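Trainee: Reassemble the complex: the two chains are provided individually, in unrelated frames, and hints are given to aid placement.
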Amino acid sequence: MGLLLFDVVLCALLLTLAGAAMLSRQLVHAVTLFIAFGVMMALAWARLQAPDLALAEAAIGAGLTGALCFTALARYAGDAGYPKPKLWLPLVFVAAVSALLLYSVFQIPAQPTTELSERVAEHLAVSGVSHPVTAVLLNFRAWDTLLELLVLLLALLGARQVPSQLPLHAGWSLSVSWSRLLSPMLLLLSAYLLWRGAAAPGGAFQAGALLASGLVILRLNQQLAWLSWQNFAVRTLVLAGLIAFVMAGLASLLLPGQLVWLSWPVALAGGIILLVETFATLAIALTLALLVVGEPEQEPADA
Amino acid sequence: MWPAVLLVTLPLAAALLMLLWPRRARVLHFAVAVGLLPLAVSFLLQVTVSGEQQWFLGNWGPLLAIRWQADGLTTLLLLVSVTLHLLVSAYVGSIQRRNPLPAAFWPLSNLLLASLQALWLSRDLFNLYVCLELLGMVAVALVTLSGDKALRPALDYLLYSLFASLCYLLGVALIYAGYGVLDIPMLAGQLEANWLNAVALTLMTLGLMLKAACWPLHLWLPAAHASAPAPVSALLSALVVKGPLFILYLLWTTLAPAAFLPAAAYLLASAALGAMLFGGIAAIRTPYSKSLVAYSTVAQLGYATLALAFILRFNLPEFVAAMWLFVLSHALAKAACFLAIGELQHTLGARQVEQLKGASQTMPLAMFAFAVAGGSLIGLPPSGGFLAKWALLLGLWQSQQFFWLLALVVATLLSAAYVFRVVVLAFDRAAPTAPDFSPQRLPQYLALLPALLVWVMAVFSLPLLTLLKQEL
Chain Y
0 MGLLLFDVVL CALLLTLAGA AMLSRQLVHA VTLFIAFGVM MALAWARLQA
50 PDLALAEAAI GAGLTGALCF TALARYAGDA GYPKPKLWLP LVFVAAVSAL
100 LLYSVFQIPA QPTTELSERV AEHLAVSGVS HPVTAVLLNF RAWDTLLELL
150 VLLLALLGAR QVPSQLPLHA GWSLSVSWSR LLSPMLLLLS AYLLWRGAAA
200 PGGAFQAGAL LASGLVILRL NQQLAWLSWQ NFAVRTLVLA GLIAFVMAGL
250 ASLLLPGQLV WLSWPVALAG GIILLVETFA TLAIALTLAL LVVGEPEQEP
300 ADA
Chain Z
0 MWPAVLLVTL PLAAALLMLL WPRRARVLHF AVAVGLLPLA VSFLLQVTVS
50 GEQQWFLGNW GPLLAIRWQA DGLTTLLLLV SVTLHLLVSA YVGSIQRRNP
100 LPAAFWPLSN LLLASLQALW LSRDLFNLYV CLELLGMVAV ALVTLSGDKA
150 LRPALDYLLY SLFASLCYLL GVALIYAGYG VLDIPMLAGQ LEANWLNAVA
200 LTLMTLGLML KAACWPLHLW LPAAHASAPA PVSALLSALV VKGPLFILYL
250 LWTTLAPAAF LPAAAYLLAS AALGAMLFGG IAAIRTPYSK SLVAYSTVAQ
300 LGYATLALAF ILRFNLPEFV AAMWLFVLSH ALAKAACFLA IGELQHTLGA
350 RQVEQLKGAS QTMPLAMFAF AVAGGSLIGL PPSGGFLAKW ALLLGLWQSQ
400 QFFWLLALVV ATLLSAAYVF RVVVLAFDRA APTAPDFSPQ RLPQYLALLP
450 ALLVWVMAVF SLPLLTLLKQ EL
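Protein chains in written order, with numbering that gives the first Met the number 0: chain Y, 0 to 302; chain Z, 0 to 471.
Please keep in mind that the hints were generated in silico from the structure rather than gathered at the bench. Careful, some of the hints might be misleading.
Stated by the list, open to error - Taking CB as the label site, the calculated pair distances span: (1) Z/M0 <-> Y/S97: 40 to 48 Å; (2) Z/L218 <-> Y/T235: 35 to 43 Å; (3) Y/T235 <-> Z/R97: 44 to 52 Å; (4) Z/G179 <-> Y/L4: 30 to 38 Å.
Stated by the list, open to error - Some chain Y residues close to chain Z (C-beta under 7 Å, calculated; not the full set): (5) I107; (6) L236; (7) L238; (8) L241.
What the hints assert, rightly or not - Reference listing, derived: stretches of chain Z covered by chain Y, where coverage requires no fewer than 3 residues with Cβ under 8 Å from a Cβ of chain Y: (9) 13–24; (10) 57–66.
The structure presented is a predicted model; accordingly, all values stated were derived computationally and were not measured. We put the beta carbon where it would ideally sit given N, CA and C, even for glycine.
For reference, chain Z alone in the conformation it holds in the complex (with noise of 0.2 Å):
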């Protein structure tokens, strides 16, 4: 119980203590942040090693308390987002004395770690509600920490995702008046295939994709992410955007009759074909560098659902391991594109991709962050991108899906073109757009960290696939 305890309540208490001695909020932040990792770690092998944990909090029966489970999945996902927090908040540190963002960050990225662990543990209809409803106004809040330009899409975020966790929760309430069950365990198995049941999951898939920004409910996505400072956005698209997916995933895989699965999946997948190719198309011609990344983040995310699609539809092993590989590599992967992406606009002071001429030269670390990680974006071996891709490539020729085939080799393509539209300008070297300042050193390489850490991934695909429990 204690290490899963502690992973959401120390980030929880610090943000607390945070509140109260705002000068003291810095060295809290690390101190919590880097002794975080070795707990997450540690918990990590402890259920490899022991297999699954569960508790029922407040020590009540299945019925009466809200369950923890502790899987190989929520392990390494609690892992990831550890990582991620210390690397991000290591970022900011380092850009501290040059741009500082208000000390309301340390707190609220706190509040941010801890309902997103609260809500990889939680296996109960409702409280995955509260979670998501948590998860939501920290990253409103955080989005309005770049100031007055941020209000208007904070507010569109804001109001888009209140409305999907009403209809949410809305399903969730009609799950519990027909069943008066709110543990997903124990409602596994039971949901008949009638009118209500589809009416609550359409409901609830309806919210977590708008929450998800599943193509075409993506709207708010790309505003917000790129206006909120360039720390926050990596932390929204790497981990904010994948705790919906997960729930999704959680219910379709466990909840759901068979009896609706082919037409869930059918939706899943053409809402995946939408985002692929229009999020890939925006992406390519956005005319500002925040956007590329925001709009790839929508194209990326079109690759989970796909694979959540065929999950549905064949359960092959193949596809669940797509589908968590696209989440961990594309979380590593995108956070290392919008820290690159952030020093580079904030060093050569231009929001557009034209002004990234010649940042080959200027800015050399923070374009190869940017390279490397875009390569695990179009799936380049041997990266995490090109793990995941060649997973779900290899369950789509098992089931013989070949228009999918073709739909995500166009995908690549697309991908490869938004990825290759900034590095080819980075090498434009004729006339490059000169710095205002001589750029930092530290910032970059910790940008660049993630992006490695994703090819690392590339190394360690056996360790991985055992943990995910899909042998290929």
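Next up, chain Y with everything else stripped away, as it sits in the complex (with noise of 0.2 Å):
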């Protein structure tokens, strides 16, 4: 009773925070509104006994796409136009969606007609790791998560065309001393995510998101000059995960063996994946951290 009643408040608050997000008249309060959302979609996903999702929605949704939406504004802070959304029509809109969605929602057969999560199971021993999800992530739908990376490289390089500077403050002295407090546990529990991530839920994305949220919190106090995508470290470590990632792929096809595109050996899996992962957290942690961020410097054109 209890649960359900919590239920019920959890989606009653979902609901208004969306709505309340989308119809709020300031863009900063909008953000808030959509923090908090984040938030509670983490608890809705932890209550739909997904805690890989409510991690990945508590780190990103919440987190940092809160921290870029704030900096997103604090590049615009000149044009504050805001046109009154229009209402009635994007309304009919959603209701007939939701709907419509409602309705066949109710007809998915209650048991799912596949051996699909028996098959994972099974197959689980000789994946290397021994986390269903990080099983499917990393090995047996790795070709999915290689092209997810790339789609994050590609939105840094997109957003990287708008050239656009964030104004920065000099550190407040008691946030500074926040930052060098609060930087070294977000690393540590990240690196604690990541390992974990081989047999419990966790993994490359969520621990690069704490990583990037830690790396946020040193820049925006001005710690971190050398965070840029001039320097040429920090332009390797965006790309490591991708190139791990392709290396073990190549790998796959000269050990001897099957010869199959990212089809490793069980005895060498494990290592593999662990490899990858540490790689792919670290990508993902700098390119988030740019993303959010990074200075945009007009580039020269090709000579």
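Mentor: Now the structure itself:
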């Protein structure tokens, strides 16, 4: 009963926060409400017994997206023109689509007709890791994950095309010391998440997002002067995840065996996955951090 | 496995290296682009000789893994992408001294190629979503290369593209909820005609139509393609909009239950009719030459959509041949058109169609390239466009669709009108627009090359049709 009440309140809060974020007149309010929505969404995922998603939502949805929105507001503080949204048409559209989807959801057969989860459980022993989500992401469907890393990189490359200066304030002494205190803990926590990812919820995306939040906090307090795309080491780390992934793929073709893209022998799979995940964590962390605080400089045209 | 893997990972790895060492980007780019061409040709020959091949990535079973499949159509699309990639980058290299693109062009165009190749090979609903997402992101980043004026269209493109991806993803989620399978060949023939699948397929189709700029969901295309740098517009118009069309074809020819086919055929056919008529009319009316070519893309995609609609209704080999011949010939012809118009625009310093006056005298080569490619867009024999239109006419005649025959004739007249609108102006030599500088030869020849290729296509029609497994 208590849990049912919790769920009902959670759903009501989600809808209210989403509506309020969309209807609020000021962008700052909208972003604040959106962050609160992200926190509630993480709770909702946890209630749906998807801890991996809950972690990712808390770190990315509530944490970094909020920071991203606020820095975007700071970058474009000049043009605050925010047209009053026209409500009726979108509301009718959303209502119609929601009704359609709700009706469809009730049509979903209760018993899944597939043996996919059994198949995953069956092959878990030879995947190199013991957490099914990690096995699917980094082994069974590693190609998807590689391409997702590329999507993230492209988001950064696309954002770099739109130059705008982030006004940086000199660090406020309390926040500077707080950031110094907080960042080692974030580093430790993200390393833990990464390491646990092999056996329990966690993994590269969650760890990377946490690490990124540490980087963002430090950078906003003027601590990391080197954090810029122009820095070769930073570039290498941003690309490290993809490079490690592609190398692991080539290794799978060159190792004696079946000659199939992204297939590793059982003995090596665990090690390779950990290696790829470590570099992916670094890459995700730096990419996200650069998206939030990076200062794109107009690069000279190719001579 | 090697050729397929290399066709995807070579451009990907090259892009990563280019981002690390931007100064070496151009050399690396051309080394890879030239190397990929023989690879794609040999892969095509290999598949022609030994039949279609497929792999389960990671060597897991059919349910767990992502499936790659290389049949005649896929290898042909791989080859066309590689060819156009090489041509367009050669064009960019040749105008480098005059109006250089930002250095970000090189890695981005490689990533575009990699994501396209991944899309052509994939036969997995979710993996196709990731490929679509990638393709959309690269395309938007490429549009922004022309600077501040392109930001607005690029942002619109991004938002439309994200909305379309989400629609597609929602459809995939519904199918996965019902069947727990993402592999397209495994799902083939499994889907029943129930409400859930109807909603799923509608969502996926709408998302894909939005991405493929099918009328009336094409609103983002003209602005985005017209504001991008000319070589980028060539890539976008020639290749990027064909990706979602390919997925649409896979969905409706292998997945969809037979009971849905008539409704989908009507939907697609009416979209096609709108595209052919309104796209053509918009191309005739627009004052800007690049918008003209962009609207012509909307109109030309209408032919391919029409062929797809009739594949669903009659399942004649003529229609399948027509659809893919349209896609291939349009890819080559449109690349030529955009490169030629880009060259004309830049040398004459004019964005308006009106100012192409006398271009046949001042820049005969570029104008010739435009006219030759335009001939294929109209469907003049013996070009690739003619071949496609002939196959479509043959199919329509056999299935006695006289209304659509009439529509096709009207659409052809419209496309003739917008091509001749430019050509007639170009021959008006009374007061030609003077070029700002003496025209460069090499880029004009490079614009001419794909236009000539599309006419050569007609010569190789028989092998092409065998490859598409459609005997007429």
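Trainee: Lying within 35 to 43 Å: is that true of the beta-carbon distance Z/L218 to Y/T235?
Mentor: holds (41 Å)
Trainee: If you check the beta carbons of Z/M0 and Y/S97, does the distance land in 40 to 48 Å?
Mentor: holds (45 Å)
Trainee: Can the hint on Y/L241 be confirmed by a CB-to-CB distance to chain Z that is less than 7 Å?
Mentor: Result: holds, 6 Å to nearest chain Z Cβ.
Trainee: Taking 30 to 38 Å as the hint, is the beta-carbon distance of Z/G179 and Y/L4 inside that range?
Mentor: Because 33 Å falls inside the window, the suggested range holds.
Trainee: Are at least 3 residues of the stretch 57–66 of chain Z within less than 8 Å of chain Y when you compare beta carbons?
Mentor: That given contact holds, which follows from 8 residues of the stretch 57–66 of chain Z lying within Cβ reach (below 8 Å) of chain Y.
Trainee: Report holds or violated for the interface hint on Y/L238, using the least CB-CB distance to chain Z and a cut-off of 7 Å.
Mentor: holds (5 Å)
Trainee: Does the hinted range 44 to 52 Å hold for Y/T235 and Z/R97 at CB?
Mentor: violated (34 Å)
Trainee: Per the CB criterion, is Y/L236 less than 7 Å away from chain Z?
Mentor: violated (11 Å)
Trainee: Okay, the stretch 13–24 of chain Z and chain Y, do three or more residues pass the C-beta test at under 8 Å?
Mentor: holds (count 5)
Trainee: Using 7 Å as the Cβ threshold, decide whether Y/I107 counts as touching chain Z.
Mentor: holds (5 Å)
Violation of the numbered hints given earlier is confined to hints 3 and 6; the remaining hints are satisfied by the structure.
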